[in-house]
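A.B. asks: Chain by chain, the residues:
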Amino acid sequence: MRLPCLKPWFLACALAPLVLGTPWSAVAQETDSGFPTTGPLSGYMDFHFNKADGEDPVLDFHRFVLLLNHGFSPRLRFVGELELEHAFVEGLEASGEIELEQAYIDFLLSRPLNVRAGMLLMPVGIINERHEPPVYNGVERPFVDTVIVPSTWFDVGAGVHGELGAWRYRAYAVAPLNAIEFTAEEGIRGGRQKGSQANVRNIAYTARAEYRAIRALTLGASVWTGESSFAAPRLDTGVTVGELDARFRRNRLELRWQFAQVAISDAARLNDVLERTTGVSPNIARTMRGFYSEAAYRVWNAGAPRDLVAFVRYENFDTQFRMPEGFVPLKEFDRDAWVTGLTYYPDPDLAVKADYVYLRNQSGLFPNRHLFNLGLGWWF
Amino acid sequence: MGARAAFAAILLATSPPGAAPAQGPAPRIVEVTAERFEFWPSEIVVAHGEEVELRIRSDDTMHGFRIVGAGTNLLIPKRGKGYAVARFTGSQPGRYTFECSRMCGAGHNFMRGVLVVRPAGAAGR
Chain A
1 MRLPCLKPWF LACALAPLVL GTPWSAVAQE TDSGFPTTGP LSGYMDFHFN KADGEDPVLD
61 FHRFVLLLNH GFSPRLRFVG ELELEHAFVE GLEASGEIEL EQAYIDFLLS RPLNVRAGML
121 LMPVGIINER HEPPVYNGVE RPFVDTVIVP STWFDVGAGV HGELGAWRYR AYAVAPLNAI
181 EFTAEEGIRG GRQKGSQANV RNIAYTARAE YRAIRALTLG ASVWTGESSF AAPRLDTGVT
241 VGELDARFRR NRLELRWQFA QVAISDAARL NDVLERTTGV SPNIARTMRG FYSEAAYRVW
301 NAGAPRDLVA FVRYENFDTQ FRMPEGFVPL KEFDRDAWVT GLTYYPDPDL AVKADYVYLR
361 NQSGLFPNRH LFNLGLGWWF
Chain B
381 MGARAAFAAI LLATSPPGAA PAQGPAPRIV EVTAERFEFW PSEIVVAHGE EVELRIRSDD
441 TMHGFRIVGA GTNLLIPKRG KGYAVARFTG SQPGRYTFEC SRMCGAGHNF MRGVLVVRPA
501 GAAGR
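Quick mapping for you: the protein sequence lines, in order, are chains A and B.
Per our numbering, the first sequence starts with residue 1, numbered consecutively.
Per our numbering, the second sequence starts with residue 381, numbered consecutively.
Hints are computed from structural coordinates only; laboratory data are not their basis.
Keep in mind that a hint or two might mislead.
Claimed, not checked - Within a straight-line C-alpha distance of at most 25 Å, the following computed SDA-like cross-link-like pairs (lysine to any residue) qualify:
1. B:Lys458 <-> A:Pro40
2. B:Lys458 <-> A:Gly80
3. B:Lys458 <-> A:Ala87
4. B:Lys458 <-> A:Phe380
5. B:Lys458 <-> A:Leu217
6. B:Lys458 <-> A:Lys331
7. B:Lys458 <-> A:Thr38
8. B:Lys461 <-> A:Pro305
9. B:Lys458 <-> A:Phe321
10. B:Lys461 <-> B:Asp439
11. B:Lys461 <-> A:Leu217
12. B:Lys461 <-> A:Gly80
13. B:Lys458 <-> A:Arg130
14. B:Lys458 <-> A:Arg286
So that you can see chain A by itself, here it is in the shape it has in the complex (with noise of 0.2 Å):
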């Protein structure tokens, strides 16, 4: 599906704020000093050790993230993120990364309207948008968060943001996925074109809506969906990504649930081109599924540094859950997880985590995993 007609709306999306006259007269009578400003510096760090069985332990300095922001005026501000991943780069992925995962400007106009136009994390699960490490129980990030809701998730775009009575909501026009990259293990992972000269042929819509009546739960459901196939024309290939989430808390207690799906049209003729192509099917499903349900007690509750939490969280996760027509799902990628652990806070923004993970899959040939993680994060 193409929408090259509404390339206009994306564009003006991005430029309202400099035709709006009324938010303008506002900032007119704004009294507050302080403007422009910018800093103070911020950001945060993540430090990894990880021992798997029948491997070798590794630490890792999974990452390090500056934030940098400054305030032209009250309702003009800029937010940046760049993130130095695995403390060293040399071109690959898989040795380290620097990328910039965020990077807006904000047009700040009233509360049930603003503008956001830049590099924006997609508003897609609980993670995504509040992925730093004390934010969340468990040294590494959730494998739903990781695997169908590809997170860190970030990419250009522009679209609006805000609040009506209990709801709160995102949309944003960004550029959309590059199915070429998906593959079976990781799902869409591979495909985000993470604001890279990124081709935007076709638009990608996401949105996500919040309902918070009552202080102890927060209810969420998220949407991405876009045609993604702009790399190989003749396909057709739309990606749609559902989400569903709760958070509860209150006193001691915290529950976390989340669901999420993935669905990809044309599949069968996706994985058809690419074997052509390399020689190898890459058996890419039409849908993707996996959800995660978590239970966290704090059972030292005195305020840091007298603050510890236990937790266990259950995740299921299938890059393979429904193939298309003549293809046959790898159930290695059939996965569920038991994540258990502890998070201490010797500070609220500072969080020692160790956990255990034993990660199974449905494949008789592939054995179930054994994971120790110790983890040490911080965020100023």
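Starting from the known structure of chain A, arrange chain B on it as the hints suggest.
C.D. replies: Using the frame of chain A, we list chain B on its own:
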């Protein structure tokens, strides 16, 4: 916004748990939670002429609390370190935006809310 906000009398302080509030007639107390990247509640309705005491507690890091156009700003202590107190009198009907004024992460700009001062006789709080 700025001109209207000037009509609102605001007393700001940061208090440890249990600290005595400033003297004066007892205001209505509103418990506010701040966490990355939202305030809850994010819409607080105040009757015309009513005084409210906002007790703002963080569930994570140190945030800021600023009422746009009012020239008021205070820090909200980190989780478990007490709460901040802001008093607000709805002297003039209108909508007064508040926001986090301390950079708290990449979603910092989402942390906004509004104090709605309803005209006398208007229903709904």
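A.B. asks: Next pair to validate is Lys458 (chain B) with Arg130 (chain A); report whether the Cα-Cα distance is within 25 Å.
C.D. replies: holds, 18 Å
A.B. asks: Lys458 (chain B) and Ala87 (chain A) were given as a pair; does the straight-line alpha-carbon distance stay at or below 25 Å?
C.D. replies: The given pair, whose Cα atoms are some 30 Å apart, is violated under the 25 Å limit.
A.B. asks: Going straight from one Cα to the other, do Lys458 (chain B) and Thr38 (chain A) come out at no more than 25 Å?
C.D. replies: OK: Lys458 (chain B) and Thr38 (chain A) at ~23 Å, within 25 Å.
A.B. asks: Would you check the hint for Lys461 (chain B) and Pro305 (chain A), treating anything up to 25 Å between C-alpha atoms as holding?
C.D. replies: Judged against 25 Å, a Cα distance of about 11 Å means the pair holds.
A.B. asks: For the pair supplied as a hint, Lys458 (chain B) and Phe321 (chain A), confirm whether the alpha-carbon distance does not exceed 25 Å.
C.D. replies: violated, 43 Å
A.B. asks: Given the proposed pairing of Lys458 (chain B) with Gly80 (chain A), does the C-alpha separation stay at or below 25 Å?
C.D. replies: holds, 24 Å
A.B. asks: Straight-line Cα separation of Lys461 (chain B) and Leu217 (chain A) no greater than 25 Å?
C.D. replies: Judged against 25 Å, a Cα distance of about 23 Å means the pair holds.
A.B. asks: What's the verdict on Lys461 (chain B) and Gly80 (chain A), does the C-alpha distance respect the 25 Å limit or exceed it?
C.D. replies: violated, 29 Å
A.B. asks: Is it true that the CA of Lys461 (chain B) sits at most 25 Å from the CA of Asp439 (chain B)?
C.D. replies: Distance of about 10 Å is within 25 Å: holds.
A.B. asks: So if I understand the rule, the pair passes when the alpha-carbon distance is 25 Å or less; does Lys458 (chain B) with Leu217 (chain A) pass?
C.D. replies: holds, 21 Å
A.B. asks: Holds or violated: Lys458 (chain B) with Arg286 (chain A), Cα cutoff 25 Å?
C.D. replies: Roughly 46 Å separates the two Cα atoms, so the pair is violated.
A.B. asks: Against the 25 Å threshold, does the CA-CA distance of Lys458 (chain B) and Phe380 (chain A) hold or violate the hint?
C.D. replies: Judged against 25 Å, a Cα distance of about 12 Å means the pair holds.
Hint check: violations occur at hints 3, 6, 9, 12, 14; the rest are consistent with the structure.
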